[in-house]
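Asker: Chain by chain, the residues run as shown.
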Amino acid sequence: MKHKKINYNELAFYLFTIPALILYTCFFIFPVITGIYYSMTDWNGMNRTYNFVGLKNFINIFHDMSFKNAINFNIKYSIMLVLGINAISLALAMLLNTKIKCKTLFRSIYFFPAVLSLITVGLIWNEIYYQVLPFIGNKLGIGFLSKNILSSGKTAIYGILITNLWQGVAVPTILFIAALQSIPADLYEAATLDGASSFQQFRYITIRFLIPILNINFLLTLKSGLMIFDYIVALTDGGPGGATESIGILMYNHAFGDMKFSQSIAESIFIFFIIAAVSIIQFKVQNKMEVSD
Amino acid sequence: MKKVISFFTAMFMTSTLFLGCGSAKDTDVKKTDGKKLEGKIEFFQQKKEAVKNFDAIIAKFNEEYPNIKVEQNCVPDAGKVLTTRMSTGDIPDVFTVYPLASEFKVQCDQKFVMDISNLNGVDNINPEIKKMLTYKDKLYALPISLNTMGIFYNKQMFKELNIEIPKTYDELISAMKKIKAAGKTPIILPDKDSWTVGQCGDRLFGMYMNEEMDLFDKVGKGEKSTADSKGLDKLAKVMLELREYGQADSLGTGYDQAISVFASGKAAMFYQGTWALPIIDKAKPSFEVGMFPFPGDTDKESKIGINVDCAVSARADGKNGELAKTFISFLARPEIAQMYVKADGSPSAIKDVKSDRKEFEAMQKSIAEGNTYPIPSNNWKPGFSGEWKKVVQNLIVKKDVKAFTKELDQVVKNFYK
Numbered sequence: 083m084k085h086k087k088i089n090y091n092e093l094a095f096y097l098f099t100i101p102a103l104i105l106y107t108c109f110f111i112f113p114v115i116t117g118i119y120y121s122m123t124d125w126n127g128m129n130r131t132y133n134f135v136g137l138k139n140f141i142n143i144f145h146d147m148s149f150k151n152a153i154n155f156n157i158k159y160s161i162m163l164v165l166g167i168n169a170i171s172l173a174l175a176m177l178l179n180t181k182i183k184c185k186t187l188f189r190s191i192y193f194f195p196a197v198l199s200l201i202t203v204g205l206i207w208n209e210i211y212y213q214v215l216p217f218i219g220n221k222l223g224i225g226f227l228s229k230n231i232l233s234s235g236k237t238a239i240y241g242i243l244i245t246n247l248w249q250g251v252a253v254p255t256i257l258f259i260a261a262l263q264s265i266p267a268d269l270y271e272a273a274t275l276d277g278a279s280s281f282q283q284f285r286y287i288t289i290r291f292l293i294p295i296l297n298i299n300f301l302l303t304l305k306s307g308l309m310i311f312d313y314i315v316a317l318t319d320g321g322p323g324g325a326t327e328s329i330g331i332l333m334y335n336h337a338f339g340d341m342k343f344s345q346s347i348a349e350s351i352f353i354f355f356i357i358a359a360v361s362i363i364q365f366k367v368q369n370k371m372e373v374s375d
Numbered sequence: 048m049k050k051v052i053s054f055f056t057a058m059f060m061t062s063t064l065f066l067g068c069g070s071a072k073d074t075d076v077k078k079t080d081g082k083k084l085e086g087k088i089e090f091f092q093q094k095k096e097a098v099k100n101f102d103a104i105i106a107k108f109n110e111e112y113p114n115i116k117v118e119q120n121c122v123p124d125a126g127k128v129l130t131t132r133m134s135t136g137d138i139p140d141v142f143t144v145y146p147l148a149s150e151f152k153v154q155c156d157q158k159f160v161m162d163i164s165n166l167n168g169v170d171n172i173n174p175e176i177k178k179m180l181t182y183k184d185k186l187y188a189l190p191i192s193l194n195t196m197g198i199f200y201n202k203q204m205f206k207e208l209n210i211e212i213p214k215t216y217d218e219l220i221s222a223m224k225k226i227k228a229a230g231k232t233p234i235i236l237p238d239k240d241s242w243t244v245g246q247c248g249d250r251l252f253g254m255y256m257n258e259e260m261d262l263f264d265k266v267g268k269g270e271k272s273t274a275d276s277k278g279l280d281k282l283a284k285v286m287l288e289l290r291e292y293g294q295a296d297s298l299g300t301g302y303d304q305a306i307s308v309f310a311s312g313k314a315a316m317f318y319q320g321t322w323a324l325p326i327i328d329k330a331k332p333s334f335e336v337g338m339f340p341f342p343g344d345t346d347k348e349s350k351i352g353i354n355v356d357c358a359v360s361a362r363a364d365g366k367n368g369e370l371a372k373t374f375i376s377f378l379a380r381p382e383i384a385q386m387y388v389k390a391d392g393s394p395s396a397i398k399d400v401k402s403d404r405k406e407f408e409a410m411q412k413s414i415a416e417g418n419t420y421p422i423p424s425n426n427w428k429p430g431f432s433g434e435w436k437k438v439v440q441n442l443i444v445k446k447d448v449k450a451f452t453k454e455l456d457q458v459v460k461n462f463y464k
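Residue numbers (the numbering used here), protein chains in the order written: chain D, 83 to 375; chain P, 48 to 464.
Read the hints as simulated data drawn from the structure, not as lab findings.
Ideal Cβ placement from N, Cα and C applies to all residues, glycine included.
Relax, there's no trap hidden among the hints.
Sample of chain D residues at the chain P side, in silico, Cβ under 8 Å:
| hint | residue |
| --- | --- |
| 1 | MET128 |
| 2 | ASN208 |
| 3 | LYS229 |
| 4 | LEU232 |
| 5 | SER233 |
| 6 | ASP319 |
| 7 | GLY321 |
| 8 | PRO322 |
| 9 | GLY323 |
| 10 | GLY324 |
| 11 | PHE338 |
| 12 | ASP340 |
| 13 | MET341 |
In the DSSO-like style, the derived pairs of lysine-lysine whose C-alpha atoms are separated by at most 30 Å in a straight line are:
| hint | chain 1 | residue 1 | chain 2 | residue 2 |
| --- | --- | --- | --- | --- |
| 14 | P | LYS271 | D | LYS138 |
| 15 | P | LYS158 | P | LYS177 |
| 16 | P | LYS449 | P | LYS350 |
| 17 | P | LYS389 | P | LYS401 |
| 18 | D | LYS236 | P | LYS281 |
| 19 | P | LYS227 | P | LYS206 |
| 20 | P | LYS158 | P | LYS265 |
| 21 | D | LYS158 | P | LYS460 |
| 22 | P | LYS183 | P | LYS350 |
| 23 | D | LYS150 | P | LYS460 |
| 24 | D | LYS158 | P | LYS446 |
| 25 | D | LYS138 | P | LYS428 |
| 26 | D | LYS236 | P | LYS445 |
| 27 | P | LYS185 | P | LYS152 |
| 28 | D | LYS158 | P | LYS453 |
| 29 | P | LYS127 | P | LYS116 |
| 30 | D | LYS158 | P | LYS445 |
| 31 | P | LYS445 | D | LYS221 |
| 32 | D | LYS221 | P | LYS231 |
| 33 | P | LYS107 | P | LYS372 |
| 34 | P | LYS227 | D | LYS221 |
| 35 | P | LYS152 | P | LYS398 |
| 36 | D | LYS138 | P | LYS127 |
| 37 | P | LYS445 | D | LYS150 |
| 38 | P | LYS268 | P | LYS158 |
| 39 | P | LYS152 | P | LYS350 |
| 40 | P | LYS99 | P | LYS152 |
Using the sequences plus the hints, can you model the full thing?
Answerer: What follows is the structure, encoded as structure tokens:
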């Protein structure tokens, strides 16, 4: 009797997972499998018929100069984004966690950019780069600032990065503040009694406790760096002359503009493997450094 | 009891997942005795600027056919949405297209689009335009309006500086020198937006490459190199020479910003398509706006490229076909075409219908005299325009004609192979 009861219970639990499982299968696993199949055809996104071409698309992407440029762009951008967001938001979180006046006001000010829609952010920063910065640059006689920084292939990447940082630090900052508040105060007390300097306290207590959050923030920013698409569309659309073309932009253009649908899927599968590899390595490394309970 | 409840809750949650998936059947055409038609059609409309215009036309349509409901649907990034809907079989009953684009020809080849060669009212189309649109001896779209690119100019500023409308390229350069000497910006160039840079390059291609329209096909086969093309060399030099008279840092100015600079009277000229007029109007310029064709080396060579701006097609498989045909032939009536161009300002594709906006007088004259050339990108391999605009924008970045032809050569060989 007892045995049967447990089964009945378990069955209900399993049934509860079914909706999520079905959704996940329909909208994630199934598209991935069909995607892998389409990446081995020559479908252009429109034709009723297509042929199986094997790995030709994968070979093609390695001969494609714009794909190489896009990979370079993505790597450079991701490194700067990960370092930038994590450093700035950690510093902000530490500042906003100290006993300063108007703490809540500052917290809401720094969180404000996160609630703006991307279209608004794009319009705001386009005008800043178009009118405000060149005006300041001209007055102060700074050469590279005296024109729109989005107009040169060398500086446009920083224009996108600054906008992304401005909006992107908000959420990681909140996460860091939450994590900082969860560190027991008596640890700092004990450290002070033992004569630890504030840098040592930061190094051996704060960072250790922040590692789970650091882990999440690192992964989230890395992912958003490698998948960067929206900020580029809002600011440069890949220009000037393809200088800020990320893989996301390239895939979108190949699929819907240039009628190379299957090649764009091959590109996305390639990126999937890169992101998966980086995530696994990152998890392995950081798990070792975490504080164990 | 609790377990029973949870069991059924889980079952219920699972089953509700599929509730949305069932599809209601549309009532198709019901032919009642007489000629009265009944039903509902979806009109997928790609032009944001034309939504109001078509609302008025649909209202007029319903006066005559009260039982046909036309639902206008205009979404962002409509071209890409339409492509996706076609490839998944969910084709709208009636939709607007850009019928000269090479991508549209693929859609016709794949039999997504209805052949309307024998439709009532196609005889109203301007014969020249109809000839342009005929693809493999069939007509797949009803053209309504045309667009063309030219140079918008500030009439007041031209008058104050005593400048005549330039008829040759040299006159254009000397006019720009005069404006520059007067301390004004001669021409505003929206080089930040690669789509419009690509369009400028495309039109200049049409002007200077008359005898080399098939250049890219030949380059793809390895028979020719873009470096040998004199027309391409000229195109690049003209593009760069215009930049000498444009605003400083042209690559930092976008399309909307350029329009606001022009409409506020800070720049004398603006090389752009007729489609920009409604937006210039919105900015309420304090001066009269005019447009003249981009001048060639001689007066005779000043030609303009004509493209179809708004055209309507229907789905091929015949669902709601009668209703779609009725609606399209209604749009082909001269009085309806008149209604459209009156609000839109662009030249009409229907015989004897004239737009009464005087901004485009000079362009209308060129069309009437037949001083036109076909748009080169319409005959390129589908999808090549995306690569082209990038290369042209890079020309403006690097300001190096040789690097431009070299890069183009590589891109073409890669794309046309």
